[in-house]
Amino acid sequence: ETGVTQSPTHLIKTRGQQVTLRCSSQSGHNTVSWYQQALGQGPQFIFQYYREEENGRGNFPPRFSGLQFPNYSSELNVNALELDDSALYLCASSLETVAYEQYFGPGTRLTVT
Amino acid sequence: AQSVAQPEDQVNVAEGNPLTVKCTYSVSGNPYLFWYVQYPNRGLQFLLKYITGDNLVKGSYGFEAEFNKSQTSFHLKKPSALVSDSALYFCAVRDSPSSASKIIFGSGTRLSIRP
Numbered sequence: 001e002t003g004v005t006q007s008p009t010h011l012i013k014t015r016g017q018q019v020t021l022r023c024s025s026q027s028g029h030n031t032v033s034w035y036q037q038a039l040g041q042g043p044q045f046i047f048q049y050y051r052e053e054e055n056g057r058g059n060f061p062p063r064f065s066g067l068q069f070p071n072y073s074s075e076l077n078v079n080a081l082e083l084d085d086s087a088l089y090l091c092a093s094s095l096e097t098v099a100y101e102q103y104f105g106p107g108t109r110l111t112v113t
Numbered sequence: 001a002q003s004v005a006q007p008e009d010q011v012n013v014a015e016g017n018p019l020t021v022k023c024t025y026s027v028s029g030n031p032y033l034f035w036y037v038q039y040p041n042r043g044l045q046f047l048l049k050y051i052t053g054d055n056l057v058k059g060s061y062g063f064e065a066e067f068n069k070s071q072t073s074f075h076l077k078k079p080s081a082l083v084s085d086s087a088l089y090f091c092a093v094r095d096s097p098s099s100a101s102k103i104i105f106g107s108g109t110r111l112s113i114r115p
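These protein sequence lines are chains A and F, in that order. My numbering puts the first sequence at residues 1 to 113. My numbering puts the second sequence at residues 1 to 115.
These are calculated hints, taken from the structure and not from any lab test. C-beta: ideal position from N, C-alpha, C; glycine also. Incorrect hints may appear among the rest.
To be verified - Sample of chain F residues with no beta-carbon within 12 Å of chain A, all distances over it, derived: (1) 13; (2) 15; (3) 26; (4) 45; (5) 56; (6) 62; (7) 82; (8) 112; (9) 113.
What the hints assert, rightly or not - Pairwise CB distance ranges (calculated): (10) 77(F) - 39(A): 26 to 34 Å; (11) 9(A) - 84(F): 35 to 43 Å; (12) 13(A) - 29(F): 35 to 43 Å.
Said to hold, decoys possible - Selected chain F positions facing chain A (Cβ under 10 Å, derived; list incomplete): (13) 42; (14) 91; (15) 92; (16) 106; (17) 107.
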């Protein structure tokens, strides 16, 4: 196990609702990245947070937003949910000075109906 | 723009035989290459990386990968497959060592090892 935890494990929401997913980084890691993994596909980079600031973003609309807290835990917020948002959401933590390796959490499975 | 291709959706191998999972990449600069494995209902686990140096990289669980710059490939290999190696494997690339650079994943290859 990597020491990265995510909550909740599973979540079912209705189209148009808002959702918040949470991630607790591995101890000592100050960088968190979020990924969306649709069924049958590889993870796609959403954004990264470093020391509480967004530090890179993929091709996702502004309704995907995030936060990183002083203890380096993080939240992913998605507003106005769409059916295509149904996916496994993964967070990964890393240490800035050893940027080659990311440690992934088990993911949150979001289903939008 | 950087990209990764995993040409095989599924690879089937008998236990004890060697296995290869293919990956090709495209980046504008020096590639930083990774292999991850994903078991059912689990997050991705890091297997190995190529940053620089020896073209043959050794990783976890007896896996290794060979970096070939001329063919822009980074195939994952193991001399003798185990049934427990059955999982989903992802190749990934970033074009900078900086943690700020995004990592691009391939679409994945499902490895099935039959007893």
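How the hints compare with the structure:
The claim that residue 13(F) lies off the interface holds: its Cβ sits roughly 21 Å from the closest Cβ of chain A, which is beyond the 12 Å cut-off. Non-interface status of residue 15(F) relative to chain A is upheld: no Cβ of that chain comes within 12 Å, the nearest being about 26 Å off. No beta-carbon of chain A is positioned within 12 Å of the beta-carbon of residue 26(F); the least distance is around 15 Å. Against chain A, the non-interface label of residue 45(F) is violated: not every CB pair exceeds 12 Å, the least being about 7 Å.
The beta carbon of residue 56(F) is kept farther than 12 Å from every beta carbon of chain A, the shortest such distance being approximately 17 Å. Distance to chain A confirms residue 62(F) as a non-interface residue, since its nearest Cβ pair spans about 19 Å, more than 12 Å. Under the 12 Å C-beta cut-off, the non-interface status given to residue 82(F) relative to chain A holds; the minimum distance is some 21 Å. Consistency note on residue 112(F): stated as away from chain A, and its beta-carbon is indeed over 12 Å from all of that chain's, at 16 Å minimum.
Every C-beta of chain A lies more than 12 Å from that of residue 113(F), the closest at about 20 Å, which supports listing it as non-interface. A beta carbon spacing of about 28 Å between residue 77(F) and residue 39(A) agrees with the range 26 to 34 Å that was offered as a hint. For residue 9(A) and residue 84(F), the hinted distance range of 35 to 43 Å is not satisfied, since their beta carbons lie about 24 Å from each other. The beta-carbon spacing between residue 13(A) and residue 29(F), approximately 40 Å, falls within the hinted interval of 35 to 43 Å.
With a cut of 10 Å, the hint placing residue 42(F) at the interface with chain A holds, because the nearest CB-to-CB distance is about 6 Å. The closest approach between the C-beta of residue 91(F) and any C-beta of chain A is roughly 9 Å, which is under the 10 Å cut-off, so the hint is satisfied. With a least beta-carbon distance of about 8 Å to chain A, the hint placing residue 92(F) at the interface is held under the 10 Å criterion. A distance limit of 10 Å between C-beta atoms decides the matter here; for residue 106(F) the minimum to chain A is near 5 Å, and the interface restraint holds.
A cut of 10 Å between beta carbons decides the hint on residue 107(F): the least distance to chain A is about 5 Å, and the hint holds.
Hint compliance for this structure: hints 4, 11 are not met, and every other hint is.
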